[in-house]
Every structure is written in C-alpha cells, then in structure tokens.
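Participant: Top to bottom, those sequences are chains A and B.
Under our numbering, the first sequence has 247 at position 247, and the numbering climbs by one with no breaks.
Under our numbering, the second sequence has 417 at position 128, and the numbering climbs by one with no breaks.
Because the hints were derived from the structure by calculation, they are not lab data.
Among these hints, one or two may not hold up.
Here are the simulated EDC-like cross-link-like pairs (lysine to aspartate or glutamate), alpha carbons at most 20 Å apart as the crow flies [to be verified]:
id, chain 1, residue 1, chain 2, residue 2
1, B, 411, B, 551
2, A, 289, A, 99
3, A, 242, A, 284
4, A, 242, A, 164
5, A, 79, B, 545
6, A, 122, B, 354
7, B, 411, A, 65
8, A, 122, A, 99
9, B, 411, B, 386
Owing to the predicted nature of the structure, the values given are computational and were not obtained by experimental measurement.
Protein chains: 2
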Amino acid sequence: MYIGGIEAGGTKMICAVADESLAIVEQTAIPTTTPADTLAAIFDFFAPYPLAAVGVGSFGPIGIDPQQSTYGHILATPKAGWQQFDVVGTLKAQWPDTELIWTTDVNAAAYGELRLGAAQGKDSCVYMTVGTGIGAGVVRDGALFQGIGHPEIGHTFVKRHPDDTYAGTCPYHHDCLEGLAAGPSLEGRTGIKGQDLPDTHAIWDLQAYYIGQALVNITLTLAPEKLILGGGVMNQPHLLAKIQAAFVEQMAGYMDTPPVEDYISAWALPNQSGITGCLLLAQERMSEK
Amino acid sequence: MYIGGIEAGGTKMICAVADESLAIVEQTAIPTTTPADTLAAIFDFFAPYPLAAVGVGSFGPIGIDPQQSTYGHILATPKAGWQQFDVVGTLKAQWPDTELIWTTDVNAAAYGELRLGAAQGKDSCVYMTVGTGIGAGVVRDGALFQGIGHPEIGHTFVKRHPDDTYAGTCPYHHDCLEGLAAGPSLEGRTGIKGQDLPDTHAIWDLQAYYIGQALVNITLTLAPEKLILGGGVMNQPHLLAKIQAAFVEQMAGYMDTPPVEDYISAWALPNQSGITGCLLLAQERMSEK
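Using the sequences plus the hints, can you model the full thing?
Facilitator: What follows is the structure in structure tokens.
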C-alpha cells in the first residue's frame with residue numbers, strides 16, 4: 001500500500017505518492033482548471049497505486065467541521081467553478097477505502113515544517129506564506145490548530161504605515177494584511193512586478209513593516225515557539241532581515257521571545273513544506289490504524 | 290481542607306475561600322499597595338483556613354514558563370514595586386504544602402466563564418476585558434491557552450478608524466488596541482470620564498469599531514466557539530449591540546460564525562469571572578490528586 005499527498009492550490013495541484021517510510025515514488029503538478037478536469041487528472045495520476053491514506057492540504061477557505069454539510073468543501077473563493085465544490089466527497093467516491101485527511105494548504109505546510117523543517121523539535125509553530133495571497137497555518141501541541149474555522153490570519157486587520165495611502169487589494173476587506181502586503185500590492189503600488197523590483201526599492205521596507213507587524217500580532221495571540229515564512233516573498237533573500245527588524249521594532253520589548261534570528265526564519269523545505277505535510281498527515285493516520 | 294482563589298489586580302486583590310464543592314466560605318478585597326503589605330494582608334485573610342490548593346489569576350504580564358527563572362513573577366508592569374516580584378515563590382514559602390495554580394487574571398476569567406458562565410458547554414472561548422487596560426484570556430480544549438507566553442491580545446495592532454487621529458495611550462506601542470480603546474482613551478479624547486459620557490456620544494461608536502475589529506482578528510486567528518466581553522466597558526449596556534454590529538461589518542462575511550448575538554456576549558458572572566476561575570482551577574487540581 002502507498003500513501004498520497006495532494007497540495008491543492010489555486011494554480012496547480014501538487015500530487016505525490018510515497019511508500020510507508022515517506023520515500024516519494026512519484027510526484028507531479030497538475031494545472032488547476034475546472035474541478036472535473038482537475039480531479040480526473042488527479043485520479044489518473046494516482047491510478048497505479050493502491051492508497052491507504054491521502055493527506056489533502058487545500059486552498060481555502062474550506063469547511064472543516066465534520067458536523068456541517070460544508071465539510072470537505074471549498075467555500076468562498078474567487079476561483080471560478082470551485083465555490084462550494086465538494087473535494088472530500090469527490091475523493092471519497094473515487095477512493096472509498098482510503099483514509100482522507102483534510103486541512104488547509106498552509107496548515108499542511110506548517111505541519112511539514114514542524115516535523116521535518118524549520119521547526120523540528122518544537123511543539124508549535126506558525127507558517128505564513130506571502131505570495132499571491134497571504135495565509136498562515138498553525139500547529140500547536142504537535143497537531144493542526146483549528147477551531148470553528150481554520151486560521152485566516154491573512155485577512156486580519158493591521159495598523160497602516162503612516163506614509164501609506166494605498167487602498168489595498170482585498171475584495172472583502174480592502175486594506176487587511178493580504179490587501180496591503182500580498183504580492184499584488186507590490187505591483188499595484190509601483191506598476192512593477194515584485195520579482196522585477198530592485199532590492200533597494202523602498203517598498204520592501206513597507207512590506208516588511210506589515211509582515212513584521214502581523215508576526216507581532218500572531219505572537220501576542222498564539223505565542224508559538226517558532227514563526228516560519230514561505231511563499232514567493234522568500235525569493236527575496238534580503239527581506240527576512242528587514243522583517244525581523246520590523247518585528248523587533250514594533251514588539252517594542254513587550255513580550256519575551258527567543259532571539260529574533262532564531263524565532264523568525266525562512267522555510268527549510270522551500271516549495272515542499274505543503275506536500276511534505278500532506279504526506280506526513282497520511283503516514284500518521286496509517287500508523288494510528 | 291479548603292481551596293483558595295486570589296484574583297490579583299493592580300488595584301485590589303480579591304481573595305476567596307471555598308469548600309471542596311466550591312461554596313464560598315469567605316471573600317474579601319484587599320487594596321494592592323506594596324508587595325510586602327499586600328501579601329501580609331492576604332496571608333492574614335487565609336490564616337484560619339488550611340488550604341489544599343490556591344488558584345492565582347494575576348495582572349500581567351507574568352512569567353509562566355516553569356523552566357525559566359521568571360516563572361511566577363510579575364514582569365514589566367507600571368505598578369510601582371511589583372516589577373519582577375516573585376508572587377509564586379512568596380506564596381510557596383508561606384504555604385509549602387499547598388498546590389498553586391498560576392495564570393493571568395483574564396485566563397482565569399475565561400476559564401470561569403467557560404465552566405460556569407457565558408461559555409458553559411463549550412470547549413473554547415476568548416474573554417476580553419476592557420477597562421483601565423485591555424486584556425484577553427483564552428481557553429481551548431477546555432484548558433488554559435498559553436504558549437511561550439500568555440496571550441497579550443490587548444497590545445495587538447489594529448487598523449485605525451479613518452476619522453481617528455488620537456495618538457493613543459500605550460507606553461509601549463502608543464496606538465495598539467489598548468492604546469486606542471481602553472478606558473483612559475475615552476477621557477483622553479473627550480476630557481470626560483467614560484462613566485460620565487452620554488450613551489449618544491459618538492465616541493462609543495469609535496470604541497465599538499476597535500473592539501469589534503479586535504474580535505474579528507481574534508476570530509480569524511483563534512476561531513473560538515464564543516467571545517465574551519467583561520470589565521468596566523460592560524457597564525455601558527448600549528455598547529454590546531454596537532460591538533456586535535461593528536464585528537459583522539468588519540468581518541464582511543469572510544468567516545462563518547454562529548449568529549453574532551450568540552457568538553459575542555457579555556460576561557455571565559459580572560465581576561466574578563476571575564475569582565470563580567481561580568477557585569475552579571484550585572478545585573480541579575485537588576480532584577486530580
């Protein structure tokens with residue numbers, strides 16, 4: 001028997017098959033188009049492998065309460081065709097004897113980083129990805145952290161930088177964290193795509209201000225042992241030090257944390273945190289049986 | 290044997306003795322002066338009672354990591370004489386055979402509300418007090434929520450109301466939540482003490498905007514089953530509905546919650562949440578032995 005992982009993103013679905021020791025047998029990336037075509041391609045990929053368990057880390061927001069009819073569904077998303085799509089139900093119909101583990105892509109990534117990445121040996125961490133959007137996954141006491149919903153820290157409100165008048169890009173909240181600091185805000189403010197902006201551009205200080213502030217708020221609320229940054233933003237190697245400095249300045253000595261160079265770090269599994277977490281979740285479900 | 294509770298506030302120490310069924314035998318309030326005088330009065334009050342366990346919910350920030358030398362201490366506080374004072378060590382020296390449970394005043398209050406108040410039957414809640422300062426306690430999976438520190442949500446940053454130019458009162462962060470919305474900001478903005486302001490004053494809408502926004506951020510981060518408001522602000526009965534409306538407006542439909550009238554409520558144990566939580570924590574420690 002094998003285990004599977006599906007990191008379900010709005011652009012692509014990373015799918016991996018591993019043996020019970022977590023050694024990857026085959027991995028692919030499937031473009032996210034319509035649900036029907038995408039799922040058909042996913043089932044084709046996994047067809048040769050009998051699957052004992054599959055971990056799915058999905059873009060969200062998603063329904064996570066097994067008592068509600070929305071469980072296993074993608075909820076409000078701008079991604080055409082995916083609103084209210086029943087991912088878990090569709091997988092279950094195809095794989096009736098396979099254990100399914102269902103969480104957010106960022107929760108899976110946080111779990112991957114905790115077990116095999118930047119937070120190894122810790123019991124808690126928050127993983128924040130900054131790219132097209134901003135999302136955060138939370139692990140606490142070694143397990144995924146979810147409540148009446150999963151964390152949606154990307155949409156929390158932040159204090160504006162005094163010099164910032166940008167309206168923000170979030171269709172729900174305009175100037176929440178994602179609206180002010182995700183990738184599209186870089187191009188929205190400057191007319192230049194993030195990857196083409198020089199390291200010396202002042203906008204990086206502004207983005208570091210918001211991300212550092214969000215990490216202060218996370219620390220004052222969740223007090224995790226470790227904060228991990230991933231996503232497209234980590235393609236800017238100069239940014240981590242700016243974010244660490246912005247965190248220290250805005251925390252203003254209020255809560256003791258480990259030294260900031262240890263406390264806030266980049267992902268240790270670049271672009272693999274999510275799929276690694278999905279496979280780990282599947283592997284553990286199997287070992288519980 | 291008896292159990293004790295100490296709700297240690299910056300103004301007064303509420304002390305209570307109860308029997309093992311939680312029936313209160315004697316309760317008092319001792320003014321918070323110097324540590325030596327205050328502790329002497331506390332020991333006098335409890336002297337007639339052999340104490341199996343005492344729950345202490347303290348003003349903070351406090352040291353909660355048993356591995357660190359600051360455990361049991363009050364940390365950075367503006368309260369003269371109490372900085373770095375070793376509360377737990379002093380109690381332990383006086384009561385060597387008594388079990389001590391040590392947490393924040395707001396964590397104790399959250400626990401009291403969960404077990405016997407507004408969140409009865411739930412596994413998780415956040416209790417936020419708005420008075421001289423703003424603090425929040427968190428219960429999750431039926432237990433106190435703490436990480437590398439205890440929650441300090443009162444000092445998280447918030448988005449300013451577009452019409453608000455007030456500098457804020459927080460000595461650390463100026464315009465964090467506490468700086469913009471705690472009691473002193475009411476008088477600071479208007480020159481009138483909060484309790485003397487008419488219900489129709491526009492400042493209540495501003496305060497509701499910030500508190501409602503903080504509850505949005507808490508929901509998107511911790512996703513608790515229930516939010517409970519207490520403290521001096523709840524002496525303004527008109528304010529709860531304003532806060533609920535501000536929450537709904539700023540959440541903008543992003544995360545599903547229970548109906549706001551159920552989700553956000555006032556304390557069910559006015560001015561007793563904290564001491565009740567302290568006694569409950571002591572009672573449970575006893576029953577574990």
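Participant: To test your reading of the hints: which numbers does this structure violate?
Facilitator: 3, 8 and 9
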